[in-house]
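**Q** Here the protein sequences come in this chain order: A and B.
Just so you know, the first sequence maps onto residues 1 to 261 in our numbering.
Just so you know, the second sequence maps onto residues 1001 to 1593 in our numbering.
Honestly, the hints are just simulated from the structure, not real lab data.
Check before you lean on any hint, since a few could be wrong.
Here chain B is said to cover these stretches of chain A; the calculated rule only asks that three of the stretch's residues, wherever they fall, bring their Cβ under 8 angstroms from a Cβ of chain B [as the list claims (entries may be wrong)]:
#1 67-74
#2 85-92
#3 117-130
#4 134-145
#5 149-161
Every residue, glycine too, gets a C-beta built ideally from N, C-alpha and C.
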Amino acid sequence: MAEFFLNKHSVVKQGEHFYAKPTGEIKQPKTFAIYRWNPDDDKNPCINRYTIDLSDMGPKILDAIIWIKDNMDSSISFRRSCREGVCGSCSMNISGVNRLACLESSADYAGEIRINPLPHMPVVKDLVTDMQSFYDHYSEIEPWLQTSKAPADGREHRQSPADRKKLDGLYECILCACCSTSCPSYWWNPDKYLGPAALLQAYRWVADSRDEERKKRLKYLDDKFRLYRCHTIMNCTNACPKDLNPAKAIAELKQEINQLH
Amino acid sequence: MSSYETTQLDYDIIVIGAGGAGLRATLGLAAKGFKTACISKLFPTRSHTVAAQGGISAALSNVEEDDWKYHFYDTIKGSDWLGDQDAIENMCERAERAVLELENYGVPFSRTEEGKIYQRAFGGMSIEYGKKQAHRTCAAADRTGHAILHALYQQSLRYKAEFFIEYFAIDLITGEDGSCQGVVAINMMDGSLYTFRAQKVVLATGGYGRSYFSCTSAHSCTGDGTGMAARIGAPLQDMEFVQFHPTGIYGTGILVSEAVRGEGGYLTNAEGERFMERYAPNAKDLASRDVVSRSITQEVLAGKGVGENKDHAHLHIHHIDANVIEERLPGISHHAKVFADVDVTREPIPIIPTVHYNMGGVSANNNCEVVNVKNGKINSIIPGLMAIGEAACVSVHGANRLGSNSLLDLVVFGQIAAEHCANTLKPGATLPTLNKKSVDDILNRFDQVRYAKGDISVSEIRNKMQGAMQRNVGVFRTEELLAEGKKAIMQCMQDYKNISINDRSLIWNSDLIEALELNNLLYSALATVACAYERKESRGAHSREDYKQRDDENWMKHSCCYISPDAKVNFDYHPVRFETKNVDSIPPKERVY
Ligand SMILES: Cc1cc2nc3c(=O)[nH]c(=O)nc-3n(C[C@H](O)[C@H](O)[C@H](O)COP(=O)(O)OP(=O)(O)OC[C@H]3O[C@@H](n4cnc5c(N)ncnc54)[C@H](O)[C@@H]3O)c2cc1C
Ligand code: SF4
Ligand code: SF4
Ligand code: FES
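Bound conformation, chain A alone:
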């Protein structure tokens, strides 16, 4: 795949190996191989290794990366905020799989833990990627409630518990991009294919009994690129750290569009 992205800095080199200063007997040594790239110097990206004692820190991979930043190299950059899997900041590629670092336990990974930025996204620095196109796809599906007028009694729209249930598994998306950045169709057509995250959200509004623009939404998606680049490869669903099922949402969209025809 790399040949599509070959440029001056595309060759990732092996970097240095650092060892944390032991504070006593080392109980749980673990090595993190972390992708490093600083746009300000003219060097190629490299993989630095940091060997630390897991018993010095909290159990999650995010705890470990923060520990490395605090104690070994404060120049490492990555996004993080909530540390409980709800803000979607800390998505990264962990030993080959897109995950939220704050939900993964270091001890669950055998051997060296490989930490890379989300795949096929422009890297800004270290683990920080440029998410703009991902956000643009989200905006493109007009992700807001569309109704011609507010409820007549001036109160809430009525929605039965059964209709509300249809939104479960959809509205919880945290826009972490783990799914889209694991989707081969999204890699190859990032400009035209909306990707699983935006499509899941598109379906969230199609499925909402309060929304009046179901048809308009479906018609917009009925396009060989926006929706039909999905070839049901299922990577997205496997990647979602919130256990959502974008592939299923996409299948539902295709089915609803078929019924329109």
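Starting from the structure of chain A, add chain B with the ligands where the hints point.
**A** Just chain B with the ligands, lined up with the frame of chain A:
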């Protein structure tokens, strides 16, 4: 002298922060035709509002006959009579409209059988002035903050509001007359610096939970607005009132919402006793948060804590129907599994009171304008500056916030800020020339931090500060502990002058950003410990072992403090407001649950 190129951008209004408060203000302003920029260090849906679980309060009467006046009473009682009653009236009276508006925006609230917004029981909320438990907290399962924040962002997209995402606001620009003219911010993506000029700057930067070692707040809750305001000489108000949530997961501090107790969960000690029945015979596990947190701490102090070190308590929900858990508390079951390795359908969750919310903040009036307090009263506003949300102290929460009143505070005061601008400003009005000296001072401070070559790392100072706050400014406080805490924080401020930064680049330099955040945390921490030291009474979340009673005669007043650049703290006070419009004010009385 610094030699940074800056780009000047002009707006009618700048909102700093894209949490619930900032987004509601932004979209209101955009809808009213103001050229508005919303600056946020995080992508909007990553703001900490996303983590709110339990719900948002409003007397909708969807479960039982309710009245905003009961909500008004409960909030005042919850605040231990430190909340300003005119502000509380404002909030509670507007609550119903505010929540219905959110639903109309598309928030996927859970539903009652009739298809109305689902409402659950929350602590301190009652029907008919304490007679029985109210179901007033409107919920989207246990992901209400997520549901609201996403809907507000979606509405901002609809109104095409202008965002500056991953821009970090460094400091406020002031005119020679002390007015706020704008803000200097850095675009983290490419390191470019901007001066944003506007008629008004609205601070909506959230709380400062990260001044403590263990908290339910996100890493990004660093009191940046508090720090920025303090540095231009604005007063910080009621900072000693830090809410400890009774149920943070033991060890990690991750929140288990009050919704759990609202849905029937209860606490036990090592003897398996439901001890809340002793401390709050009526409300029991749903007493106000300060009361429950103190009760848990007392159980632990009495040797009745659970676990190997007898230092925490248990929260049970396994008796609740599994379907109810799955439908209404799915997020919490997941948190308990991932962070405590507990299956909530079978085992109790280990919990401990954990720092959760800052009742204090930048002193603001009912119009959200930041005010100066001198000689015992509010004597003027600081032109050009407003504050809303957790960053502000209006004060609607007084000495103790009721659960689900913060989300309400965000949207109501976000609305009010937008309305106040609409009533007093004109889109496109001419802006004064930026005060060059102020901009230079800001860039100099920035440059000093950027090239800091001292020998103490950001994390070292941060750890010291967090340790001191945790030890010395906890659930129970004494003069001795607070004096020690104050000394430690002063020392951290001293150490900050000797800070070291390793990353000299400007692109996504989180070493630098964390150093700037630390400075803001230090201002917030210092104000907290200093005000706590001064307040010689126990009220709401501020519990002094050496002054156990509430002292209305001397202390029914707001603390305000001013922090000088050399870390000197000056105090002033102003009285609690009791005047109300459409409801009788509630005179102080003893607070029992
Ligand atoms: C775990 C948890 C659960 C909660 N549950 C509930 C609940 O159920 N009900 C309830 O009512 N309340 C709840 N609360 C409280 C409530 O969620 C918060 O008080 C509220 O969300 C704060 O919102 P805010 O808009 O003021 O700030 P935040 O949501 O924290 O947003 C702050 C914004 O400011 C921006 N910002 C900060 N500094 C800068 C800077 N220097 N430059 C640029 N941008 C900056 C950030 O990017 C962010 O967008 C909960 C709190 C926690 C911690
Ligand atoms: S199922 Fe569709 S969206 Fe998901 S990974 Fe495959 S191609 Fe991509
Ligand atoms: S669907 Fe899942 S993986 Fe995709 S953005 Fe949403 S939460 Fe992340
Ligand atoms: S830090 Fe928020 S999802 Fe990991």
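**Q** Are the hints correct? Go through all of them and say.
**A** Here's how the hints hold up against the structure:
no., hint, verdict
1, 67-74, "holds (count 5)"
2, 85-92, "holds (count 5)"
3, 117-130, "holds (count 5)"
4, 134-145, "holds (count 6)"
5, 149-161, "holds (count 10)"
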